[in-house]
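**Q** The sequence shown stops at residue 547 when you use our numbering, and every number in between is there.
Just so you know, the hints here were simulated from the structure itself, not pulled from any lab data.
Keep in mind that a hint or two might mislead.
As the list claims (entries may be wrong) - Between beta-carbon pairs, the in silico distance windows are:
id	residue 1	residue 2	range
1	163	289	50 to 60 angstroms
2	46	123	26 to 36 angstroms
3	273	130	18 to 28 angstroms
To be verified - Calculated lysine-lysine pairs in the DSS-like style (CA-CA distance at most 30 angstroms, straight line):
id	residue 1	residue 2
4	47	35
5	58	124
6	47	97
7	35	151
8	73	145
All C-beta atoms in this analysis are idealised placements derived from N, C-alpha and C, irrespective of residue type, glycine included.
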Amino acid sequence: MERESKRKAAAAASPESEGRASKRQKLPDDDNGEKETPETTFAMGMKFLETMKASKDKQGRYVAPSFLELPDKNEIPEYYEEIKLPIAFSTIEAKLKARGYPNLAAVESDVKRMVNNAKQFNDKNSAIYADAERVRKTASNFMTKHNPAYKNPSYSAIPTPIPGEDANGVPGSATRQLSERPKRSAAIPQLESQTPQATPSRTRKSGRHPTPRKEPTPGKETDFTGKTFQEAQEALVQEFIHYVDPADSGLQIYQPFVNMPNRGLKEYYATIKTPMSLNQVMTKIRGFISRKDGFSGTSDFKNWQQLEECASLIWTNAREFNEDGSEMYNLAGEFEEHFKRRLADAMEKVPAPKQTIKLTMGSQREQSQQKPSGIKLRLGANKNNVADALLPNVAIHSHPALKLQRPFKFNIPASATLTQQSITISLPGTHSSIQVKPYVPVAQTQRPWRLFVTVNNTRISEVYQPPTQAQQQQPNASGSPEKQQPQPPREKGHPLFEARLQPGVNRIDIEVVAGTAPMQVRGQPVPKERDAVEMEKCTVFVNLMKA
Numbered sequence: 001m002e003r004e005s006k007r008k009a010a011a012a013a014s015p016e017s018e019g020r021a022s023k024r025q026k027l028p029d030d031d032n033g034e035k036e037t038p039e040t041t042f043a044m045g046m047k048f049l050e051t052m053k054a055s056k057d058k059q060g061r062y063v064a065p066s067f068l069e070l071p072d073k074n075e076i077p078e079y080y081e082e083i084k085l086p087i088a089f090s091t092i093e094a095k096l097k098a099r100g101y102p103n104l105a106a107v108e109s110d111v112k113r114m115v116n117n118a119k120q121f122n123d124k125n126s127a128i129y130a131d132a133e134r135v136r137k138t139a140s141n142f143m144t145k146h147n148p149a150y151k152n153p154s155y156s157a158i159p160t161p162i163p164g165e166d167a168n169g170v171p172g173s174a175t176r177q178l179s180e181r182p183k184r185s186a187a188i189p190q191l192e193s194q195t196p197q198a199t200p201s202r203t204r205k206s207g208r209h210p211t212p213r214k215e216p217t218p219g220k221e222t223d224f225t226g227k228t229f230q231e232a233q234e235a236l237v238q239e240f241i242h243y244v245d246p247a248d249s250g251l252q253i254y255q256p257f258v259n260m261p262n263r264g265l266k267e268y269y270a271t272i273k274t275p276m277s278l279n280q281v282m283t284k285i286r287g288f289i290s291r292k293d294g295f296s297g298t299s300d301f302k303n304w305q306q307l308e309e310c311a312s313l314i315w316t317n318a319r320e321f322n323e324d325g326s327e328m329y330n331l332a333g334e335f336e337e338h339f340k341r342r343l344a345d346a347m348e349k350v351p352a353p354k355q356t357i358k359l360t361m362g363s364q365r366e367q368s369q370q371k372p373s374g375i376k377l378r379l380g381a382n383k384n385n386v387a388d389a390l391l392p393n394v395a396i397h398s399h400p401a402l403k404l405q406r407p408f409k410f411n412i413p414a415s416a417t418l419t420q421q422s423i424t425i426s427l428p429g430t431h432s433s434i435q436v437k438p439y440v441p442v443a444q445t446q447r448p449w450r451l452f453v454t455v456n457n458t459r460i461s462e463v464y465q466p467p468t469q470a471q472q473q474q475p476n477a478s479g480s481p482e483k484q485q486p487q488p489p490r491e492k493g494h495p496l497f498e499a500r501l502q503p504g505v506n507r508i509d510i511e512v513v514a515g516t517a518p519m520q521v522r523g524q525p526v527p528k529e530r531d532a533v534e535m536e537k538c539t540v541f542v543n544l545m546k547a
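Take the sequences, apply the hints, and build the full model.
**A** Next up, the structure:
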């Protein structure tokens, strides 16, 4: 079921990309070494038609009905004006029964022509176009397993040629390129056309013009010797953008990885969180700034490892989105192996530049003109014992409103040596609300101080502490309860904070900052260390387990 849950990208599912990866799969020996004949082709061909007619999509809908019979000439005459070689499953079946196919390769070619006809005549967003793609996938899966021609590594299925093509001087290789070459092959130089080469970049300090980039010869490996790190990165990726398989009649096998999938493929972008393509990698190598400013000419990748990490998204995304064993899945493996081999060659001949850290030290004149801040920060007091701490204790209690049978209480005393400490505790899911009670004795002095309490990076405020029932109703001398008196001032140094925890790890920071000298009193001399401050901090990580 896991394989069925994966989907194939449109680039992966295009007829242009089929044949390359699938032809390298190990195939079962279905003919037991016997030579194909019209009779054996008839038997296997009828089995193939049964498989195609029974094929369904993920919603359980049959995908072959639109291809069972040819369109009616009276209803759709324009079809026969545009399509020069109409084919349907009915014509294939009739030819099989007449023993007109010498082998399964001829059957597969007719099926590919039928699929190409449907895609040529119908809109790309139509249901028939989508069904044609499903027919192509199903046929390809069947043929790679049962067509003996796939035992020949050089075999690749092509659509049946349209009558008259060869007579017009169109060679067979050109026919194949017209039918199987990716439709977006003309967009290969898209990155170049978007590059405003004549516009100087703002990040370039010199007025030099970028040197024209020499495109690699298709099918030829680049020699990285003598290249700079920037040039080697560009040459490596350009090699794969324009790569042509010399053993496959000049087919650009990595074309599905050159551009990003169409934005209309919502399923793809919902599944793949970080889409990547070769053109996107090239954009990063050339240091894209903006449409207005163009490219900086300096790569975003400071070493080869960063480039490999970015490029690896191409093959990992292809494997994640496509079914295991599919054409695109296997092609992604070929691309990964090829890319890593060429990357290793580039790394050997062109080492990455050493990363240096530059520290800009101002001149003595500049330093003399700078004004000191006048604030001295000391982490913690000069304490001889815990009693001198700014934060002697932090109490963590479960909230009384939860009415738990076993309330949680935990005290975190100050460290005798550390001014910043961290504690981790775990609580059951029922303890979702807690109270934080820090003890801040500096509040009872004349020193200036501030207390900061944050929960999950959000600062919280001190809560109001209402009087107890005993304080509200204290009997007078006559025994009758007195009227409620105004709330007495809260005891200084014992603030109360309440926090609501989320499942998982929660972070609570309690920080106290205090001046080392008392606040200046009007008419009194200024304290000597009035601008010196001390700080202590306690961080509590609370792991709230699931209830």
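**Q** Confirm or reject each hint.
**A** These are the hints, each one checked on the structure:
no.	hint	result
1	163 <-> 289: 50 to 60 angstroms	holds (54 angstroms)
2	46 <-> 123: 26 to 36 angstroms	holds (33 angstroms)
3	273 <-> 130: 18 to 28 angstroms	holds (25 angstroms)
4	47 <-> 35	holds (18 angstroms)
5	58 <-> 124	holds (20 angstroms)
6	47 <-> 97	holds (12 angstroms)
7	35 <-> 151	holds (13 angstroms)
8	73 <-> 145	violated (36 angstroms)
In summary, the one numbered hint that this structure violates is 8.
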